[in-house]
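Chains B and C: place on chain A using the hints.
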Amino acid sequence: MLDRNRREFLKTVTAGAAGAAAVGFPHVARAQTKLTFGLWDHWVPGANDALKGIINDWAKGNNVSITIDFITSIGNKLDLTAAAEYRAGSGHDIITLGTWNPTLYKEKLEPVGDVADSLIKQYGKFQENATYLNFQEGRWVSLPAPIGSHTYPLETRMDMWKKHAGVDVQDIFPADVKKRNKGKVDGWDWKTFLAGAKKVNAAGFPVGASIAENTDSNDWLGPLFASHGSFPMDEKNNITIESDATLQTIEYLKELTKHMPKDIYGWDDAGNNRWLISGKGSAVFNPPSAWTVAKRDQPAVAAQVWHHDVPRGPKGRYRGALPFSWGIWKWSKNKQAAKDLLLFLSTKETQWKLIIASQGYDYPALPAFFTHPVWQEIEPPKGGQYNYPVRGDEKLIVAGWPAKPEFGVQVYYKWLLPTMVGKVTSGGMAPKDAVKWAAKELEGYKRS
Amino acid sequence: MALVQTASVERVRPARRGRRFRSRSVLGVLMCLPLMALIGGLVAYPFFYSIYLSMLNKRETAFVGLANFEYLLGHETFWGVLQFSFIFTFLAVFWKAVLGFILAIVIHALPVRGQRIWRGISLVPWVMPLALSSLGWWWMYEPTHSALNWTLVALGMNPKPWLSDPFWARFSVILVNVWYGTPFFMITYLAGLKSIPGELFESAEIDGAGPFQQLRYVTLPMLKNIIAITMLFSTIVTLGTFDIIRVLTRGGPRGSTHMFGTYAFELGIATGDVPLGASVSLFMFPILAVSAFFILRGIRQRASA
Amino acid sequence: MIAALETRHGRRRMTLLVCYTIILMFVVFFLFPPYWMAITSFKTNHEIEGLKGIPLIIQEGPTLTHYTSLLTETEFLVWFKNSVMVTVSVVFLSMLISVLAAYALSRLGFAGASVIGTAVFLVYLVPDSLLFIPLFKIVGFLGLLNSKWVLVLVYPTLIVPFATWLLIGYFASIPKELDEAALVDGANHWQMLVRIFLPVAVPGLIAATIFAFTVSWSGFLYPLAFIFSSDQQVLTTGTVTSLIKGDVYHWGGLMAGALLACLPPVLIYVFLMDYYISGLTAGSTKG
Chain A
1 MLDRNRREFL KTVTAGAAGA AAVGFPHVAR AQTKLTFGLW DHWVPGANDA
51 LKGIINDWAK GNNVSITIDF ITSIGNKLDL TAAAEYRAGS GHDIITLGTW
101 NPTLYKEKLE PVGDVADSLI KQYGKFQENA TYLNFQEGRW VSLPAPIGSH
151 TYPLETRMDM WKKHAGVDVQ DIFPADVKKR NKGKVDGWDW KTFLAGAKKV
201 NAAGFPVGAS IAENTDSNDW LGPLFASHGS FPMDEKNNIT IESDATLQTI
251 EYLKELTKHM PKDIYGWDDA GNNRWLISGK GSAVFNPPSA WTVAKRDQPA
301 VAAQVWHHDV PRGPKGRYRG ALPFSWGIWK WSKNKQAAKD LLLFLSTKET
351 QWKLIIASQG YDYPALPAFF THPVWQEIEP PKGGQYNYPV RGDEKLIVAG
401 WPAKPEFGVQ VYYKWLLPTM VGKVTSGGMA PKDAVKWAAK ELEGYKRS
Chain B
1 MALVQTASVE RVRPARRGRR FRSRSVLGVL MCLPLMALIG GLVAYPFFYS
51 IYLSMLNKRE TAFVGLANFE YLLGHETFWG VLQFSFIFTF LAVFWKAVLG
101 FILAIVIHAL PVRGQRIWRG ISLVPWVMPL ALSSLGWWWM YEPTHSALNW
151 TLVALGMNPK PWLSDPFWAR FSVILVNVWY GTPFFMITYL AGLKSIPGEL
201 FESAEIDGAG PFQQLRYVTL PMLKNIIAIT MLFSTIVTLG TFDIIRVLTR
251 GGPRGSTHMF GTYAFELGIA TGDVPLGASV SLFMFPILAV SAFFILRGIR
301 QRASA
Chain C
1 MIAALETRHG RRRMTLLVCY TIILMFVVFF LFPPYWMAIT SFKTNHEIEG
51 LKGIPLIIQE GPTLTHYTSL LTETEFLVWF KNSVMVTVSV VFLSMLISVL
101 AAYALSRLGF AGASVIGTAV FLVYLVPDSL LFIPLFKIVG FLGLLNSKWV
151 LVLVYPTLIV PFATWLLIGY FASIPKELDE AALVDGANHW QMLVRIFLPV
201 AVPGLIAATI FAFTVSWSGF LYPLAFIFSS DQQVLTTGTV TSLIKGDVYH
251 WGGLMAGALL ACLPPVLIYV FLMDYYISGL TAGSTKG
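If you read the protein sequences in the order shown, they are chains A, B and C. Here the first sequence is numbered in my numbering, starting from 1 and rising by one per residue. Here the second sequence is numbered in my numbering, starting from 1 and rising by one per residue. Here the third sequence is numbered in my numbering, starting from 1 and rising by one per residue.
Bound-form chain A, shown alone (with noise of 0.2 angstroms):
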C-alpha cells in the first residue's frame, strides 16, 4: 500500500516536469552564470564583508552565482594562488594579482581593454603606474585593482618632529592643498629629512625605515633613487645603475642609516609598524596600516601621526606604490559577466563605499576618485591622512620602473636595491663595488 503510494507519487511527479518541460514550461532563458572570485584579504576589520555584501548584491540582481575567497598576501599566499592556477589552468575566474604578476601571467589572462576603455572614458586616466603595470605589449592584460592598492607616504610623529626637529610636519602639508606654501613644500627635501633624522635620533626617537627583504624596503629606497636620478634599468633595458646618481645616494643613506635602529637590516613589512607603534619612532615610510593598529592599541601614538608627503631629491619628488590589480583568465567560461562585475566595482558609485569600507586605505587607481571625503574625515588627528592620497608633486614609482615589467619584477623581488645598499650601509663594502656587484646582477635579470 505504501509501496504502491510511493510509486504513484514519483509517477506523477515525474510525469508533471516532463510535461511541464514539453509544453515549455518557463524556464530560465540561459543557464545560471557562475563566478569565482579570489580577492585580496582586507586587514580592515569589516572591509571584507562590506565588498562581499556588495558584490552579492549584484549577483543577485545579474542572475550570477558567485563564490568569494578572501586570499592573504602573506607570505606570498596570493602569489602562489596565481602561479598555482596558471600551471593548473584551473581556479577561479577572477584573481587578484598581486603588483609584479600581471607581466608573469598575461599569455594566459583575458585582455580587458573594454572595461579600461569604459572607465577611462568616463573617469579619465589611470595613474601612470597603474598603468604602467596592466597595459602591456599594447593591451590591459589585467585591470588596475582599487582593493589592496596603497601607497608610501611619510607617516610621521609630528609632536616629536616639531619638538625635537624644529619641523612643523603639520604646517608644510595641511590638510588642505590649497593652504599650501610652496615655499616650504620645496624646502621639504631628502637633506632637510636628514637634518631632522639627526636630531630626533638625538632626541631618543629615531627615524626607522627597513633595508631588507621586504617590499616597504623597496617602496621608500626605490622612490629616494629615482628622486636623485637613479635607475636600475631605462625602459630600453640598459643597465642605468652605474652612475653619480646612485653613488651620491647610497652616500646619502651612509649618513642617513648612522641615525636610524640597527635593526632596520631585520625588520619585515611589519617592523615599521611596530617601531611606530611602540612609541620608539618618530617617522616611517607606510600606507596608513601603521596608524590604524595604533589606534586600536596605542591611541595617544596614533594622534600624533600626521601622513604626508615623502621628501625631494634633486630630480624630483618620489613616493612609492604599490598597486594591485584583476585579471580574469582565459579558461573562464563567464568572461562577459566577470568583466560586468570588475566594471561595476570600478564605478564611483561602488568605490565611494568600499573607499569607507577600508578607512581610506585603498588606494584608487583613478586619480578622479581622490575627491572623496574619507581621507579628510579620518582621525585622530583631524586631516591625518588627507595627504595619503597625492596632492602635491609627488609621482607614484614601484621600485624596478622604468625598466619593462619583466626586468622590473627582478629588480624588485630579487631585492636589488636594499641589498646593494646594505651591503655598503651594514656590511661596510665601498658604495663603488656595491654598484658594481648591482651591475652585474642586473646583467644577469635581462636572462629571457
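These aren't lab readings, by the way, just hints derived from the structure by calculation. Any given hint could turn out to be false.
[To be verified] Distance ranges between label pairs, derived from CB positions: (1) A:E349 with C:D231: 24 to 32 angstroms; (2) C:M25 with B:P159: 17 to 25 angstroms; (3) A:G183 with B:T151: 45 to 53 angstroms.
Think of the CB as a built atom: it goes at the ideal place given N, C-alpha and C, for glycine as much as any other residue.
Relative to chain A, chains B and C alone:
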C-alpha cells in the same frame, strides 16, 4: 636466506614450485602497486617534470639545456646559497646529534619512573607544528619587542641583532632548527640506549670502567649504527629546510640565510622564473644522492645482519 | 665495605645532581618559546604593542579575548575539523600502502623488489620545495586544486618511505620458518599478514602512525600552495593566513591558535610515547 627458503620449498613440492613462485610475484607486485602509483604519480613524474623545467628559458618557450645551471654557477648570489646550505646543514645536524645524545644519556641515567615526564617535556619542540613555533621564535627575536634581548639586558649583557646581522641571523635560524630537531635525536638515541643489554654495563663496571669509559667503550659502539642512520636521515630533512627561514628571515639580511628551498621559492613564485627555481632545487640532488648512498649501504647492512 | 657502598651511593647522588642540572637547562631551552607564546596569547593588545615593563610576565591582567575571537570570529573550528579529517585519512592511507608494500618487499621476494625498495628510499631524497610547482599541473589535472583532499594524496609521499622502512625492519625480524609453517597449514598471505605479521609489528605500526600524524598535522608548504579557500584550509595555514593580514599581525590570536594547534599532537605523544619509543627501538635495532 631466500635461497634456503626456495630450496626447501622445491624439495617438498617440486611440482607446485613454479606456480607458487609466479603467484607470489604477482601478489608482490599487486601489493606494491599503491606504493608505486603514489610514488610514480606524485614524486617521480613531478621530479622529472622539474628536470625538464630546469632546462627551459625563463618564459618557458625554448629549450636551453644546462644554461640555467651555468647561469647559477656564474652568480655570486647562488654561491652564497650553496655555502649557507652547507653551513646550516652541517652545524644543525652536528648540534642536534650532540645535544640529543647528551640529553638521551642524561635521561637514561635517571630512575626509570622519573624519565617519563622529562621525555615528555623534551618532545614538545618536535611536536609543535614547525611553521607555528617558528612564528613564536620570530616573535622572540623581533627587534622592537624581543623577549630575548630584554632578558639579555636584564642579565647585564648587550642585546643582539638577532635577525638584522648576517652572522646572528645565521645563528638564529640554526638555533631554531636545533631546538626543533634535538628531541628527535634524543628519542631515537634513547630508544637505542634502552636496547643495550644492562649486563654489558655491569660487566664493564666490574672491570673498573668509570662512566666516561663506559660511554666510550660500551654505549658509543652499540649506538654507532643508530647514530649514523639518524644523522643521515636528518641531513636530508635539514637540507630541505624551508619553514624556519621563510618565517624568520625570508633569506635575509642580504641573502645571507637563503637555502636551496627558500631561494628556489623566491625565484619561482615571486619573480616568476620557474625554470631557474627548479634548477636551484635540483642542486640539492647530488648532495642528497651521496647521503642516499650511505643510507642505502646502512640499510643493506641492516637487512643482512 | 660500608665505606665503599657510601662512596658508590655518593657518586650516584653526584651523577643525579649533574643529570638534573643538565636536564633543567634543556627544559628552559625547550620550553621558553612555548612559554613566550602562551604569555603573549593571554596579553591584551595594548600590552603587546606597548613596550613597558617586563615582557616575560602578564602585567595588565590575563585576557581570553584572543581565544574567544579565534573561536568565534575566525573559522578556526572548521580548520580544526579539516585537519582532523585530512590527518585521519592520511594516516589510514599511508599505513595501508606501507604495510602492503613492506610485506611484499620483505617476504615475497619477487623480481624488481629490490628496485622498488631502492626507489622508496630515493623518494625520501626529493624535498617538497622542489615538487610543489610541478605538482600544480598534476593537482589541476586531478581537479583537486583548492580541495583539502589534495593533501590526502600528497602527504603520504612524505610518510610512506619512512613507514615502509620501519615496517620492513619488523617484518624481517619474524623468523621465516614461521610463515613456511603457516603456508604449509594452508594459510594464505592475507591471513599471514593479519594474524602473524601485524601483531608482531604493533609497536612499529604505532611509531609509524605517530610519524604520519606529525607530518600530516604540521605540514605547511603543501596546504599553503594548493589551498586558498578558507573552508578548505587546515590548522597551520588557516591560522597563519587569517591572522596576518597585509602588514598587520594579530599576535595574540596567532599565538593562541598556534598553541591550540599543538594540543592534539602533544596529547597523542603523552599517551603513546612509550609505544613510540619501543617501536623505534625495535625498528631501528632489530633486523
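Hint by hint, here is what the structure shows:
Checked against the given bound of 24 to 32 angstroms, the beta carbons of E349 (chain A) and D231 (chain C), roughly 31 angstroms apart, stay inside it. The beta-carbon spacing between M25 (chain C) and P159 (chain B), approximately 22 angstroms, falls within the hinted interval of 17 to 25 angstroms. The beta-carbon spacing between G183 (chain A) and T151 (chain B), approximately 51 angstroms, falls within the hinted interval of 45 to 53 angstroms.
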